[in-house]
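Using the sequences and the hints, build the whole thing.
Chains A and B, in that order, are what the protein sequence lines are.
Read in UniProt numbering, the first sequence has 214 at position 214, and its numbers run on one by one without any break.
Read in UniProt numbering, the second sequence has 370 at position 370, and its numbers run on one by one without any break.
Don't take every hint at face value.
Claimed, not checked - Computed list of lysine-lysine pairs in DSS-like fashion (alpha-carbon distance at most 30 Å, straight line):
(1) A:K175 <-> A:K80
(2) B:K427 <-> B:K223
(3) B:K427 <-> A:K148
(4) A:K255 <-> A:K219
(5) A:K238 <-> A:K80
(6) A:K238 <-> A:K219
(7) B:K215 <-> A:K148
(8) A:K175 <-> A:K238
(9) A:K148 <-> B:K223
(10) B:K297 <-> B:K223
(11) B:K215 <-> B:K297
(12) B:K297 <-> A:K148
For the record, the hints were derived by calculation from the structure and aren't laboratory data.
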Amino acid sequence: MSTDRGTDRGQDRGAPLVELRDISIAFGGVQAVDHVTVDLYPGEVVGLLGHNGAGKSTLIKCLSGAYRMDSGEIRINGNKVEINNPRDARRHNIETIYQTLALADNLDASANLFLGREITNALGMIDEAQMEAETRRIMGRLNPNFRKFSAPVSALSGGQRQSVAIARAVYFNAKILIMDEPTAALGPQETQMVAELIDELKRQGLGIFLIDHDIHQVKQLCDRAAVMKNGQLVGIVKVDEVSEDDLLGMIIAGKRPEHLAA
Amino acid sequence: MKAATAHAPATPKKKSVLAALEIDTRLLGMIGAFVVLCLAFNFFTDGRFLTPRNIFNLTIQTVSVAIMATGMVFIIVTRHIDLSVGSLLATCSAVMAMAQTAILPDLLGVGLDSPVVAALAIVVGLVCGTAIGAFQGWLVGYLVIPAFIVTLGGLLVWRNVAWYLTSGQTIGPLNETYLLFGGINGTLGETLSWAFALVATVAALWALVASRRNKVAHEMPVKPMWAESAIGVLIAVAIFGFVALLVAYEIPSGRLERIFEARGEVLPEGYSAGYGIPFSVLALIVLAVVLTTVARKTRFGRYVFATGGNPDAAELSGINTRMLTVKVFALMGFLCALSAVVASARLTNHTNDIGTLDELRVIAAAVIGGTALSGGVGTIYGAILGALIMQSLQSGMAMVGVDAPFQNIVVGMVLVVAVLVDILYRKRTGGKA
Ligand SMILES: Nc1ncnc2c1ncn2[C@@H]1O[C@H](COP(=O)(O)OP(=O)(O)OP(=O)(O)O)[C@@H](O)[C@H]1O
Ligand SMILES: [Mg+2]
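So, in structure tokens, the structure goes:
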């Protein structure tokens with residue numbers, strides 16, 4: 001039922017950047033994601049909505065390589081791909097901001113930003129100074145008030161940690177960006193900067209999955225919204241065609257709005 | 001970028017001298033404890049503790065445990081433990097002893113004391129240690145058996161593999177060249193020791209300057225010039241002071257006579273010579289520099305610390321944490337073998353009980369040296385200092401005449417208290433325990 005809506009967009013935008021087809025994954029007895037199909041086009045932001053435990057994070061973790069799905073397939077630019085671990089995902093230019101941020105608390109901001117992709121000199125030694133300079137540059141854009149460059153990230157506030165995680169995801173020229181509640185810990189000013197960042201990245205042609213509980217924000221930032229409930233997809237809607245109440249109804253009651261029901 | 005003003009406020013807050021020097025207070029505390037310990041033992045032994053002779057002996061006794069402690073830092077930082085190090089040392093020692101006495105001379109058709117035999121035996125030992133370490137790491141990393149269990153099993157297995165290989169017998173005397181790594185039988189002598197001090201000082205100062213230049217080039221904050229110079233002077237004094245002590249321990253005249261005799265000369269009247277830096281200590285120093293560089297400047301080191309800080313984050317960042325575990329345990333195995341060379345060469349024999357209880361000493365050294373058992377935190381120099389403190393405690397008590405059981409009781413208690421102090425320190429400074 002999602003495909004018909006996907007295709008009308010597809011005709012004016014070419015092939016989807018990402019297709020998650022019929023994804024299922026269970027933990028023990030819990031069917032965390034149950035045959036979910038979503039797609040994402042270049043230059044598009046797709047919001048993932050749903051109550052706590054609906055399966056949003058689990059779904060995107062199949063794409064980021066953190067989990068291996070039980071069944072289903074992932075296509076990127078129309079080609080079927082195997083994503084078995086986070087390294088595979090990075091190879092496909094998929095960057096992720098995890099809900100838990102996934103930072104090594106004992107290391108400083110630049111060590112975290114470059115974790116797994118350190119800048120090294122001719123001798124293969126880590127170029128600390130170069131990395132810190134790059135970190136200062138990107139943080140200057142994302143969170144100009146950020147100063148704690150040499151402290152371990154355990155000494156940072158929740159919002160500062162979140163900025164580090166965001167910086168890491170956007171620094172490496174991602175094509176596909178996954179943001180799991182990226183603004184949960186941010187103040188209004190920083191949230192505004194992330195919103196502007198999302199708009200800018202979108203203009204650059206990235207595809208973004210955005211998980212967010214703030215419906216107002218989803219309406220503002222996203223092109224489409226996919227709503228999940230108990231691991232299943234309730235529906236995918238264009239945010240311009242629904243009201244905030246419609247979205248709420250989908251999240252809580254798990255029903256597609258009347259005027260869109262086919 | 002013209003942002004220099006942002007990180008160099010025009011009127012910096014008045015910092016304390018210590019803060020300006022950026023010396024880690026924990027290190028200072030350890031050095032302080034060590035100095036107090038030495039002075040106390042010196043007092044109770046009527047000045048026998050702080051003699052060149054005793055300091056020389058203390059240094060060479062420390063090397064074996066210190067070498068393994070540097071590896072244990074990597075193990076504990078990744079949230080693992082290795083209880084098998086003492087036994088693994090014994091197996092490597094047994095392999096090398098058998099190789100150089102029973103196998104290689106026949107195989108190569110050369111004498112027991114041929115340098116080739118020593119070199120090959122050491123290579124065989126290092127390969128063996130690395131392989132066993134890697135195997136244990138594979139059990140931990142890929143089969144996900146807790147390191148505690150794997151190495152507890154290893155503790156029993158390798159101890160008895162060593163026993164089996166040698167039928168429980170003392171193997172020796174070992175190869176002459178091999179014995180050079182034991183300590184007193186192989187030293188640099190006076191001239192080369194001073195040359196080493198000079199080279200080491202120049203290298204250390206150059207590293208300081210290079211690091212400062214690099215920071216300035218990237219417009220990062222740097223220490224005030226006086227602080228930087230003070231650290232440079234401190235380093236130079238420490239290096240030359242240490243070498244002076246080792247050189248001050250003079251070779252007994254009887255031994256000198258024999259050395260001259262061997263060269264077909266006569267010992268001149270009034271001639272004296274100091275031992276200088278033992279090869280084993282030299283090896284430890286080189287190892288410390290290399291492993292510190294590995295820990296701070298290589299991807300491997302960075303991933304070790306990241307994995308210790310947050311294993312999930314490391315995995316999500318694309319780090320192959322399983323393979324990393326194998327590598328870390330392989331490194332530990334390599335260092336056990338290296339340590340086995342030093343330990344058996346110092347004893348001039350392989351003995352069946354070599355390395356017994358070393359796991360305790362090694363873990364204690366790493367932990368006293370500031371390695372957090374919760375992972376993610378630890379330094380190489382701390383572990384070496386920890387090993388030195390443990391050895392001083394043990395030798396000092398022996399010199400003072402403390403009974404053997406009480407020595408062990410004290411060492412055991414010191415380990416527990418050291419961890420408690422560490423936890424309290426971290427709480428106060430806001431780090432994680
Ligand atoms: N590693 C895991 N092991 C076992 N169960 C899991 C695991 N991860 C998720 N689950 C279960 O899967 C379901 C979906 O969880 P998920 O984290 O995807 O929810 P979510 O939609 O992201 O919720 P939230 O809005 O609270 O972040 C939940 O029932 C959760 O308990
Ligand atoms: Mg979630």
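Hints and how they fare:
no., hint, result
1, A:K175 <-> A:K80, "holds, 17 Å"
2, B:K427 <-> B:K223, "holds, 27 Å"
3, B:K427 <-> A:K148, "holds, 21 Å"
4, A:K255 <-> A:K219, "holds, 18 Å"
5, A:K238 <-> A:K80, "holds, 26 Å"
6, A:K238 <-> A:K219, "holds, 9 Å"
7, B:K215 <-> A:K148, "holds, 16 Å"
8, A:K175 <-> A:K238, "holds, 22 Å"
9, A:K148 <-> B:K223, "holds, 17 Å"
10, B:K297 <-> B:K223, "holds, 21 Å"
11, B:K215 <-> B:K297, "holds, 15 Å"
12, B:K297 <-> A:K148, "holds, 21 Å"
Every hint, counting from the list given before, is met by this structure.
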